[in-house]
Amino acid sequence: MKKQPTKYSYFFYFLVFNLCFFAFQAGLLYVHNASFIGGMVLPAIAWEQILATASIHFILYLLLSSFQTFLLLGILRRPWNPYSADQWLIIIWLLCVCVVLSANSYYFPLSAFSKLLSPPIPSWLIVTIFTISSLAVSALILNSLFYKPHRYLLGLVITIIIVWIFNTRSEEIALPLPSSKPNVIFMGIDSLSPESVNAKNMPFFSQLINNSTQFTNAISPLARTYPAWTSILTGLYAKHHHAEENLVAKSMVKSQDSIAWRLKKAGYLTIFSTDDRRFNSIDKEFGFHKIIGPKTGVNDVLLGTFNDFPLSNLLINFRISTWLFPFNYSNRASFFSYYPQTYSAKLEDELSHKIQRFPVFLAVHFTLPHWPYAWAESQPEQVNNEFSLQKRETLYQQSLQRIDKQFQSFFIYLQQRNYFENCLLIILSDHGEVLYYPNSRLTNYYNYQGKGPNRFAEYLKRNTATELNKSAGHGSDILSPMQYHSVLAFRIYQDGKSTTKPRQINTRVALIDLAPTILDFLHLNTTVKMDGISLLPAILNPLATLPKRIFFIESGIFPNQLLSKKKSMEIGKHFYNVNPVSGELEIKPEKMKAVSEQKLYGILSDNWILALYPDTKTYVPVIQNLVTGSWIDDLDSDFAKSTPAMQMYQQMVQFYGSELFLPLP
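Residue numbers (the working numbering): 4 to 668.
Simulated from the structure, these hints should not be mistaken for laboratory data. Hints are not guaranteed to be accurate.
[What the hints assert, rightly or not] In silico DSSO-like cross-links for lysine-lysine, where the CA-CA straight-line distance does not exceed 27 Å:
hint: 1; residue 1: K454; residue 2: K620
hint: 2; residue 1: K620; residue 2: K644
hint: 3; residue 1: K184; residue 2: K287
hint: 4; residue 1: K298; residue 2: K349
hint: 5; residue 1: K464; residue 2: K620
hint: 6; residue 1: K504; residue 2: K203
hint: 7; residue 1: K620; residue 2: K298
hint: 8; residue 1: K594; residue 2: K620
hint: 9; residue 1: K594; residue 2: K287
Please put together the full structure from these sequences, using the hints given.
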């Protein structure tokens, strides 16, 4: 007589099916994805985190198999069964797969598995499949529950309670205890130039800065997030704080010069928060008590990119994923699964529990407008190839509209909790952003003052992926002002009201001026020499004038290059390694000289900019008037001799040191 299968047999079959399904997903992700750390040797700490994540996926499929077995047993106990046990097993498994894949496609259209279904399968059909399969699974659940309710209802209630506890945050407004010392708050947005802000795309943000004391000509000396924030916190140029690129080894950076240490000693609770730490490794070594954001390390790139499985994606924006998937939860770099409201909820929830009293030094950096400009709600046809320079306008504008709402929501949160009762509020962007359009680089043939061959245009064709008057991104070019132009506005609050008047100050300033401004505002003397100056006199007194200064600017690594997955992997293998202790991704210290050699360097003086582009054993120099647009790449020409080009070059040599520079032609 044939032996009747047991519930354990059914569970085993479901588990085998599910694990085969998972193996198929993993193989597909491996084939279709590539990472710039793909060729690196990973330390034990990275493998431990990978194994832990793999174990979580295995447990999820164990739970799914148990759930499917529960559905199958419920239907097999019905006397009117039209199908065999094997047929029901396949039907239930396929229904669950349909629910998972269609839900993943609906909520995460940029997921690798969503792209497999769309556009071949239209969105309306995906929604239909999701609806029908969900209703069918719901009917099977009710069938199983009503068969033996005394056994299963308790389990269902317990499951609902656990999910509710893990995903519920307190809505109670907790007001921290006041202090005679003012709060100091940074509210920053990534990749936002002042030229991109208007009442149409950012109505709240636009109104806020227009009603503040605004510096209309603020610059980021190095338009990359980690160097920019290090300059904000130290008041130093990258040459002096040594964070000359994202992912510089922390041991090389002068994080001890951060003003957060000074404020910490003065009794401030210091907190830094961001939703993207992949290339912004600001951490507690800068003097912060608390860091709020996704988990950082090499697995931010590995797991944050590859952890794109339909079943786990459905959990990724629940609070329980803070523990289950810490490299994906509230991580803007994991753009396929990032919802802005998830990060906002995490930020507000943690602040509600961590800040019991003032004063507080709080720096919050929102990164939604950062490349690739897409997030979970974006459509695949808009993103296409995320490495492309073309057709990014719609995505970028949508990100500005969405960040305006996210920024407003957090501003209201702070307002309701009396953060602005006594406060210095600084609204900023760490750098600007340009899209690949004509005149995104200011050089063009019309304003060229030479008569012979245009050496700069030939250089760009030979060494870059850009044209003479086109550039893209940030930190990739220093003849593209929107890349290094920063939003900068101040508000001083007393008794909950802003005492600063709506005003625009046109004098050129820089992010290096923020640290000395804060120390001046708090009457804290500093023994550390800073490159910036205090802007407080101009903020407080409309009649005060700021001195005109020269400013040094430089690009990030690999300027004006068009990256691809293959090229990223080559760069990663050559320039980066993984710290075996912390598990963090770092530029190899011995490669820092190579980083410096291929950077662009420049100087701003009044209306002039001198930019140096490294060529073979020399530089291509470009001197340009920022008002008229006139420029030339030959410093021996009559036009160049009528400019302060040579004086500016000598100032650069004096600042950086002659050993850094190649000779001029």
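Here is how each hint holds up against the structure:
no.: 1; hint: K454 x K620; in the structure: holds (25 Å)
no.: 2; hint: K620 x K644; in the structure: holds (24 Å)
no.: 3; hint: K184 x K287; in the structure: holds (23 Å)
no.: 4; hint: K298 x K349; in the structure: holds (13 Å)
no.: 5; hint: K464 x K620; in the structure: holds (18 Å)
no.: 6; hint: K504 x K203; in the structure: holds (23 Å)
no.: 7; hint: K620 x K298; in the structure: violated (42 Å)
no.: 8; hint: K594 x K620; in the structure: holds (18 Å)
no.: 9; hint: K594 x K287; in the structure: holds (26 Å)
Checked against the numbered hints given earlier, the structure breaks only hint 7 and satisfies all the rest.
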